[in-house]
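Model the full assembly from the supplied sequences, consistent with the hints where possible.
Chains as they are written, first to last, in this note's numbering: chain R, 63 to 465; chain P, 7 to 549.
Treat each hint with caution, since some may be false.
Here are the simulated EDC-like cross-link-like pairs (lysine to aspartate or glutamate), alpha carbons at most 16 Å apart as the crow flies [claimed, not checked]: (1) R:128 / R:179; (2) R:137 / R:172; (3) R:182 / R:311; (4) R:116 / P:526; (5) P:79 / P:158; (6) R:220 / R:179; (7) R:126 / R:179; (8) R:114 / P:526; (9) R:114 / P:528; (10) R:114 / R:132; (11) P:79 / P:155; (12) P:104 / P:114; (13) R:114 / P:529; (14) R:116 / P:528; (15) P:80 / P:155; (16) R:346 / R:374; (17) P:80 / P:158; (18) R:116 / P:529.
Hints were generated in silico from the structure; no laboratory data involved.
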Amino acid sequence: MSGDYLPLLIFLIFVAAFLRDDFAFTLVYLLVGVFLVGSWWSRRSIAGITYKRKFLSRAFLGEKIKVELEINNTKWLPVPWLRIREGMSVQLSGPDAFNRVLTLASRAKENLTYTLEARKRGYYPIGPLFISTGDLMGLGGADLQSEGQAEYLTVYPKVVPLTQLKFPSQSPLGTLRYTQPIFEDPTRVMGKRDYIAGDSLRRVDWKTTAITGRMQVKLFEPSIALETVVFLDLEALSYHYRTRIDSTELAIVIAASISNWITDKGQTVGLFTNGEDPLTPDGKARFLPPRRGKGHLMRVLETLARIQTVNDGENLAGQIQKQRVYLPWGTTLVLITGSVDKSLLGELYQARRAGQNAVIIISGRAVGVKTIQTRAGYFGIPVIPISNEDDLERWGRGRIVSV
Amino acid sequence: MMNKEDQYIEASRLNERTHRFISAALVSLMMASAGLTVAQFGHQMVPYWNGGYLAVIGFLIALERFYSHRMLKKLSIFTREWIVLISTQWVVNFIVIKLIVTLSKGWDVLLDEIPLWQRSFGESFFTSDFLIAIIFAFSVWILVGIITELLDEMGLDAALIAREVMVSVGQEQAPPRQRLMATVFAVGGVLMFLTAAARVDTRALFANESGVLRQLSPLEGGGGGTLLYFLLVFVLLSQARYITLNTRWFLQGVPVSRSIAANWAIYSIGFLILLALIVSVLPTSYSLGLLSVLGYLIDIIMGLIILIFGLILTIVGLLAALPFLLFGLDKPANLPTYMVRPPVETPPPPMITESTPLPWLDLLKSILFWSVFLTVIGYSIAQYLRQHEEILDGLRKIPGWKIVAALWHWISGLFGGLNRRFAGVIEAGRTRLRSQRDSAYARGFSRFTSLRRLSPRQKVLFYYHALLRRGDETGLPRKRSQTPEEYSAVLERSLPTVENEITSLTDAFSEARYSRHLIEPDDANHVRTYWEQIRRVFRGRRG
Numbered sequence: 063m064s065g066d067y068l069p070l071l072i073f074l075i076f077v078a079a080f081l082r083d084d085f086a087f088t089l090v091y092l093l094v095g096v097f098l099v100g101s102w103w104s105r106r107s108i109a110g111i112t113y114k115r116k117f118l119s120r121a122f123l124g125e126k127i128k129v130e131l132e133i134n135n136t137k138w139l140p141v142p143w144l145r146i147r148e149g150m151s152v153q154l155s156g157p158d159a160f161n162r163v164l165t166l167a168s169r170a171k172e173n174l175t176y177t178l179e180a181r182k183r184g185y186y187p188i189g190p191l192f193i194s195t196g197d198l199m200g201l202g203g204a205d206l207q208s209e210g211q212a213e214y215l216t217v218y219p220k221v222v223p224l225t226q227l228k229f230p231s232q233s234p235l236g237t238l239r240y241t242q243p244i245f246e247d248p249t250r251v252m253g254k255r256d257y258i259a260g261d262s263l264r265r266v267d268w269k270t271t272a273i274t275g276r277m278q279v280k281l282f283e284p285s286i287a288l289e290t291v292v293f294l295d296l297e298a299l300s301y302h303y304r305t306r307i308d309s310t311e312l313a314i315v316i317a318a319s320i321s322n323w324i325t326d327k328g329q330t331v332g333l334f335t336n337g338e339d340p341l342t343p344d345g346k347a348r349f350l351p352p353r354r355g356k357g358h359l360m361r362v363l364e365t366l367a368r369i370q371t372v373n374d375g376e377n378l379a380g381q382i383q384k385q386r387v388y389l390p391w392g393t394t395l396v397l398i399t400g401s402v403d404k405s406l407l408g409e410l411y412q413a414r415r416a417g418q419n420a421v422i423i424i425s426g427r428a429v430g431v432k433t434i435q436t437r438a439g440y441f442g443i444p445v446i447p448i449s450n451e452d453d454l455e456r457w458g459r460g461r462i463v464s465v
Numbered sequence: 007m008m009n010k011e012d013q014y015i016e017a018s019r020l021n022e023r024t025h026r027f028i029s030a031a032l033v034s035l036m037m038a039s040a041g042l043t044v045a046q047f048g049h050q051m052v053p054y055w056n057g058g059y060l061a062v063i064g065f066l067i068a069l070e071r072f073y074s075h076r077m078l079k080k081l082s083i084f085t086r087e088w089i090v091l092i093s094t095q096w097v098v099n100f101i102v103i104k105l106i107v108t109l110s111k112g113w114d115v116l117l118d119e120i121p122l123w124q125r126s127f128g129e130s131f132f133t134s135d136f137l138i139a140i141i142f143a144f145s146v147w148i149l150v151g152i153i154t155e156l157l158d159e160m161g162l163d164a165a166l167i168a169r170e171v172m173v174s175v176g177q178e179q180a181p182p183r184q185r186l187m188a189t190v191f192a193v194g195g196v197l198m199f200l201t202a203a204a205r206v207d208t209r210a211l212f213a214n215e216s217g218v219l220r221q222l223s224p225l226e227g228g229g230g231g232t233l234l235y236f237l238l239v240f241v242l243l244s245q246a247r248y249i250t251l252n253t254r255w256f257l258q259g260v261p262v263s264r265s266i267a268a269n270w271a272i273y274s275i276g277f278l279i280l281l282a283l284i285v286s287v288l289p290t291s292y293s294l295g296l297l298s299v300l301g302y303l304i305d306i307i308m309g310l311i312i313l314i315f316g317l318i319l320t321i322v323g324l325l326a327a328l329p330f331l332l333f334g335l336d337k338p339a340n341l342p343t344y345m346v347r348p349p350v351e352t353p354p355p356p357m358i359t360e361s362t363p364l365p366w367l368d369l370l371k372s373i374l375f376w377s378v379f380l381t382v383i384g385y386s387i388a389q390y391l392r393q394h395e396e397i398l399d400g401l402r403k404i405p406g407w408k409i410v411a412a413l414w415h416w417i418s419g420l421f422g423g424l425n426r427r428f429a430g431v432i433e434a435g436r437t438r439l440r441s442q443r444d445s446a447y448a449r450g451f452s453r454f455t456s457l458r459r460l461s462p463r464q465k466v467l468f469y470y471h472a473l474l475r476r477g478d479e480t481g482l483p484r485k486r487s488q489t490p491e492e493y494s495a496v497l498e499r500s501l502p503t504v505e506n507e508i509t510s511l512t513d514a515f516s517e518a519r520y521s522r523h524l525i526e527p528d529d530a531n532h533v534r535t536y537w538e539q540i541r542r543v544f545r546g547r548r549g
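Below is the structure:
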């Protein structure tokens, strides 16, 4: 109640008490009624406001997301004015958050629409919706405010299209053609030739032999199965401090692009990261075991969208040691990091000895890449330095990336 | 072509102009109401004086002040131009006021008076009526000037200037809306005083006679004018509130719905009509004083207690006498005969007026009056103190305050407790109904024939129950001791290809089953997708 209001009211009460007159009491009721009914109206109004927010909860980078907001007045009392404001990330809305002032008639609803732009990968809250209203006269004290719940939007990381990646694999049965004829796939017949002494009888094509009258054997295509697990290092200290943010983001783009490429080839891909996932109770990202299919790729991309760097993350070498024992022979371990130390190289060497392959991708600016390449070369582990997205595209086209 | 911001400024200006026009009309009517009150007060003091023309003068002077405000604002005070403008305005005002004052007595009076101006201008032109009118007009002129200035301060132009020069205007002063309220309420207080004074018979007061207060109807003696003034004040405050908010929204760059201006006016009028209706049914008179009402209330409560006590004793007595009655024995000699004691006869309230036909109705009206009146006063003071901590701090230093505070806490705790208990009972009932309905849903899935008829929450529950049924059929039954999470882990081990789907479906079930918040149709659709994938794997397992 305004301070200017009370002296008048007290004066009126004195007059009313002195005169015992209908007129004075009517005025007292009128003055107090404006305050009481106004306050009651505001409280009822805000209590009766509900809203629904509709939007696609997943988006790719650069996409525009249309958000529909339905504001509903569930009470019979109209709402004279209602200010709504959506709290949201600058990365989605720019500096201007969604703001409106509207009026709602009794049991009316208002549909509002605004557009967000997915400018950066992430897991963003849309809202909470801040609602404020007040009385018509401004005598009922401060404006009333309420706060709704936030909903979440996942913006997938950028996926760079890769066309010709060369990953080593030793798994003999698979769907990818391999240039080294070590393993042949009996389901992929490449052609036929005359029988030579020493050929296995299992290779003889009896039908063709009967037709041609000469002994014919089948020729098979060499092939591999590319089972891959991406190990993404998001420990902030692994990256050069000057380019830490860009390098970690690039690492996520690399992981997303490789996963996409492998899924496109119909192969299985898994993801392990030591980053922080806001959706898990302990904040640790869950290991996604190798699976194939678009559905699985979307899960990988969702994890990559949400994931954040950590300052005291678990040692990746130790994590690789724990995880690789569950991975089959021939699996390729793709390690994306900003730096490589002895323990990591040692662990990858052990993986190679166990029949798994390893590739190191150094993301962003790194010190001593040549040395790392040389040392890793002793263990037969390729090291690919990628300092920006152009490098990634070039590497994806099968070109060598220079240090 | 105007850019978006210019268009927005233009729209805001148009809105503000409309409201300024309405404000001018309101303030003019307020001044007319004030004139009416002053005139009626004058009439009560000097019965032969009729000052009805003051209402017309108040209205016209207020309108003129609004009209000339912009022109006056452009000129520096006490400059030549300013003096010329003011002088010419007031010459015109004098003439108009003189014409109104004289014409209020009749056309003939004017015609008779004009020749007299030539003979003795001072005496015939500056009559007492005219001088009163001039004083009133000047007061209105000053007052409307202040109000107009305050409305300007609240407006868009002032806000734009403040934004341009980036200085905080009037930091030491209270906000303009508050100053406007202080001004109009101060005038209202004066009108109230005049109305109250008009109800006092001064002759009887000085002669020391009884019947000092005149018996006037509420609208007589300035009551009508003052009531109208206050009603218009509230409409003006509503307008001022709109201008203030509109300016604030403009500065913050918030788009405002077009219908808000029209709705604001409609709701303000509706609000005042509603309030007038409420006020009209509230009791405004009482025949019993506060202490008498309290006395009667205590008597009634005591009577009720004695009645209940008597009834209990009678029942106990009858039960004690029952064996004697059954076996045909005489009652023990010392068994008292309890009788229902009639409630204490409350003496009828004293008659204040002879015309009151029903004493209990008077009592009821008085109880209602004092209840409403004291609640309103108590609530208002509590609210005020809550908003002014400094006053409360001062009061805490007064001896005996602790007792008052403890009493207040006890009363508020008593009512708060009752309120909470009442709300708790209602909430418990609602929860029971809701749980009955939910369990009915859970039990009744087999009866559902169409999934489309189910709500999103029911759909999620349905899919989870389908998962349980299918799990049971494929040799993975859920044990009664297993939680959904534990069962989910069992299923995931057996069906690793859909482990994510199983986790998501279980999470969705837990949310639907144990939360109260809204489950969106999209969520139910996601759950259906998960279920379809799991079902495919189940089929493969059976096949």
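Of the hints given before, which are not true for this structure?
-> Going through the list in order, the structure violates no hint and respects every one.
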